[in-house]
Amino acid sequence: MTLLEVVRKELDAVFTLRETRDGVRVNTHYIYPSNSFVQVVIRGGQTSFYVTDQGGALHEIESAGVEIARADKILRNIVGAHGLRIEKGVIRSDFVDASAIPGAMALVANASRECAEFLFHHARIKVQRDLKKLVGQYLWDTFDDRVSKDQLIVGKSNKPHKFENVVRLENRRLIVDAVVYQPTAINAHVIANLDVANAKHPGLEQRIIYDDQEQWRAEDLNMLQIGATVVPFSRAPEVIRRIALIQ
Amino acid sequence: MPTVAEYLATVDAYLAARKQAIGIDAAQLWREGRAVGEDELVIKFPIEVAGEQALTNSLVLSAFPDADDLKFSISLVCHWAVYRLDYELGRAHANNNRPHGLDIPAMVIGPHYHPWLQNRSTIHDVSTPIKLSVALPLDVHIRQFDQAFRWFCQQTNIELRDHEIELPPRQRLL
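Protein chains in written order, with my numbering: chain A, -2 to 244; chain B, 1104 to 1277.
Calculated from the structure, these hints are not laboratory results. Worth double-checking, as some hints may not be accurate.
[Stated by the list, open to error] Derived contacts from chain B toward chain A, CB cut-off under 7 angstroms, selection only: (1) 1126; (2) 1183; (3) 1197; (4) 1228; (5) 1231; (6) 1234.
[Unchecked claim] A few chain A residues facing chain B, derived, Cβ under 7 angstroms: (7) 13; (8) 17; (9) 20; (10) 21; (11) 31; (12) 34; (13) 60; (14) 63; (15) 97; (16) 100; (17) 117; (18) 145; (19) 148; (20) 152; (21) 156; (22) 159.
[Stated by the list, open to error] Computed list of lysine to aspartate or glutamate pairs in EDC-like fashion (alpha-carbon distance at most 16 angstroms, straight line): (23) A:70 with A:94; (24) B:1147 with A:208; (25) A:129 with A:208; (26) B:1147 with B:1128; (27) A:70 with B:1128; (28) A:85 with B:1128; (29) A:153 with A:208; (30) A:70 with A:84; (31) B:1147 with B:1135.
Where is the CB? At the ideal position from N, CA and C, for every residue including glycine.
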């Protein structure tokens, strides 16, 4: 076997073309961070075609255990620089004629690999801290035994709500409610705070503390504000001290 | 943030421990893959070890019901995926940085898995996702999801008696 024949045989085994129900799938020469070869699919009719990675870049990072929100927004610049589009995590070319298929394939495969590498470099282990514990510790260090734990306060509905931290100030009480970023928890905290606020207890102040190291969505923060004034944890000591000083 | 040594030790212990995937004994709804708009459906199960379910640990199944051939992934996650099975005919994988002294083929084509043991020594940074860049071919006798799922659970010490997990049916007619 000549060298040419050896190389051709090995390449043919890997860089395959495969007809699918709605296109042709190709193993390209590009490699993802996991060492998988980038695949693209060519779809089209008689005269115009487009090439897609079928979400391969996003699948690559998801396979690594990472959930990426707003992928299109994050990757639009990378993909756009290649003259391509991304929609719901799928990278694709514009329609091209047959002669432009090889170029479009290379562009899509290259962009898909580049996006996967970008996501691998930028995904980070989420540093999780126990916000409730941190807030409780801070209040205990600052206000000592003036902090009541798990105090029940009755709302306008007549339902008692349990709050983890209630600080007794001069002639006033301050509810400090630490909320972690869990959609199901948010609603419960909002309702409890709102119900208690509507009861108009004299001298009762309320603050909701959230962890601003976490990526909160604006709508969730807006939701929290319906319950009470919202304070990011990084500013909580300053805000709580200020409230305590007000006579 | 754990150091590399701490992370490796954590994963070693995690894999060695008896684990339960919570919810696999009941029918589950597949949801659309969060990022991938084309084809992918996902289920994520919490993993319980010694009575505790950490947010960082899960079993993730991905299915591609509209693919022409059987295609799915199974990943065990501990912060990052630490053991993964990719079932896809024709998918090529290069083991170009395989560790010395282990019997690992240079190329794998078709269904394969990314074992922890063979990837462990390739991990030098855990602040970003680990790449599990070494893959081994899956036993050719494993040709169905149920076989693959049972095999994966056995490899990763996940308790499995009965399960109700079925791959989702095709979504599109064409």
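Cross-check of the supplied hints:
1. 1126: Given a least distance of 17 angstroms, the restraint on residue 1126 of chain B is violated.
2. 1183: Holds. Min distance 4 angstroms.
3. 1197: With a closest approach of 5 angstroms, the residue 1197 of chain B hint holds.
4. 1228: violated (10 angstroms)
5. 1231: OK, holds: residue 1231 of chain B within 7 angstroms of chain A, min 6 angstroms.
6. 1234: With a closest approach of 5 angstroms, the residue 1234 of chain B hint holds.
7. 13: For residue 13 of chain A, the interface hint holds, since the closest Cβ of chain B sits about 6 angstroms away, which is under 7 angstroms.
8. 17: holds (5 angstroms)
9. 20: Violated: closest Cβ of chain B sits about 10 angstroms from residue 20 of chain A, beyond 7 angstroms.
10. 21: violated (11 angstroms)
11. 31: holds (5 angstroms)
12. 34: holds (4 angstroms)
13. 60: At 6 angstroms from the nearest chain B Cβ, residue 60 of chain A passes the 7 angstroms test, so the hint holds.
14. 63: holds (5 angstroms)
15. 97: violated (22 angstroms)
16. 100: violated (22 angstroms)
17. 117: Where the cut-off is 7 angstroms and the nearest Cβ of chain B is about 5 angstroms from residue 117 of chain A, the hint holds.
18. 145: With a minimum Cβ separation of about 29 angstroms from chain B (threshold 7 angstroms), the hint on residue 145 of chain A is violated.
19. 148: Violated. Min distance 28 angstroms.
20. 152: Since chain B brings no Cβ nearer than about 30 angstroms to residue 152 of chain A, farther than 7 angstroms, the hint is violated.
21. 156: violated (30 angstroms)
22. 159: Cβ of residue 159 of chain A sits 24 angstroms from chain B, so the hint is violated.
23. A:70 with A:94: With Cα atoms ~28 angstroms apart, residue 70 of chain A and residue 94 of chain A exceed 16 angstroms; violated.
24. B:1147 with A:208: violated (25 angstroms)
25. A:129 with A:208: holds (10 angstroms)
26. B:1147 with B:1128: Holds, at about 13 angstroms.
27. A:70 with B:1128: violated (37 angstroms)
28. A:85 with B:1128: Not satisfied, since the Cα-Cα distance of roughly 31 angstroms exceeds 16 angstroms.
29. A:153 with A:208: violated (28 angstroms)
30. A:70 with A:84: Holds: residue 70 of chain A and residue 84 of chain A sit about 9 angstroms apart, inside 16 angstroms.
31. B:1147 with B:1135: holds (11 angstroms)
The earlier numbered hints that this structure contradicts are 1, 4, 9, 10, 15, 16, 18, 19, 20, 21, 22, 23, 24, 27, 28, 29.
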